[in-house]
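Kindly produce the complete structure, drawing on both the sequences and the hints.
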Amino acid sequence: MLRTVKVYGHLAEHCGQSVFEALVRVPADAIKFLLCNFPELRSLMRDGYYKVAVGQHDLQLADSPEQLHYPLADSDVVKVIPVVSGAGGRGVGQALLGAALIGTAIFTGGATLGLTGFTAAGTGFGFAAAAVAGNIGLALAFSGVAQMISPVPDLPSDESFGGEPLENFAFQSIGNVDREGVPVPVVYGEMIVGSVVLSTGLIAKQIQG
1 MLRTVKVYGH LAEHCGQSVF EALVRVPADA IKFLLCNFPE LRSLMRDGYY KVAVGQHDLQ
61 LADSPEQLHY PLADSDVVKV IPVVSGAGGR GVGQALLGAA LIGTAIFTGG ATLGLTGFTA
121 AGTGFGFAAA AVAGNIGLAL AFSGVAQMIS PVPDLPSDES FGGEPLENFA FQSIGNVDRE
181 GVPVPVVYGE MIVGSVVLST GLIAKQIQG
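For the sequence shown, our numbering begins at 1 and goes up steadily by one.
Worth flagging that the hints you see were computed from the coordinates, not collected in a lab. Hints are supplied without guarantee of correctness; some may be wrong.
[Stated by the list, open to error] Derived Cβ-Cβ restraints for the label pairs, each shown as a range:
no., residue 1, residue 2, range
1, M191, G16, 30 to 36 Å
2, E21, G201, 52 to 58 Å
3, A99, A12, 18 to 24 Å
4, L2, P39, 52 to 58 Å
5, H10, M191, 44 to 50 Å
6, H57, V187, 45 to 51 Å
7, C36, H10, 18 to 24 Å
[Claimed, not checked] List time: in silico BS3-like cross-link candidates among lysine-lysine, alpha-carbon distance up to 25 Å:
no., residue 1, residue 2
8, K6, K32
9, K32, K79
10, K6, K79
It should be emphasised that the depicted structure is a prediction, and the values quoted were computed from it without experimental measurement. From the three backbone atoms N, C-alpha and C, an ideal C-beta is built for every residue, glycine too.
Take a look at the structure:
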């Protein structure tokens, strides 16, 4: 049956519209539908990060990419949403790299459905029941959402930055320090917000006497 597929951000700009009606049985079919009608999306999506949502529920693709092949309920709406990421893909939570998303949607459907053994008609619960049957716990869902909203990295010794910590704690009681590589917000108009401090320094110099 026809179901609603929504795209956001640069995907909507490229496709010329944000809402489609398509014959999709599982979320992966929505990806295939977009690729068939807009082949250039393969190269456009390849290096970005995307999350897929069914209704109000984000799929936990980083941990369970097979969720792309869980059956949909009749009223389910599939959403494909670009995710802003920092250096090295930091802060993307349960989003998936575009190349991996395309590969998972195209090549792993039959095997995954065979393992789950559930259909929307058989369970009567649609996508929600399939997610439960796939052992996707509520705690995992909350952890993915929390990581999306507020990624909090450990104190790193990142080899890509010469093995040195990226935070600077030279001052005591500094309200907000951050690290290199996280998404940087772009703000238009007048906003009352805190700063994002990557690094601070202090130079002691005798001026007089």
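- Task: Kindly indicate which numbered hints from before are broken by the structure, ordering the numbers from low to high.
- Result: Numbers 4, 5, 6 - these are the hints that the structure violates, sorted from lowest upward.
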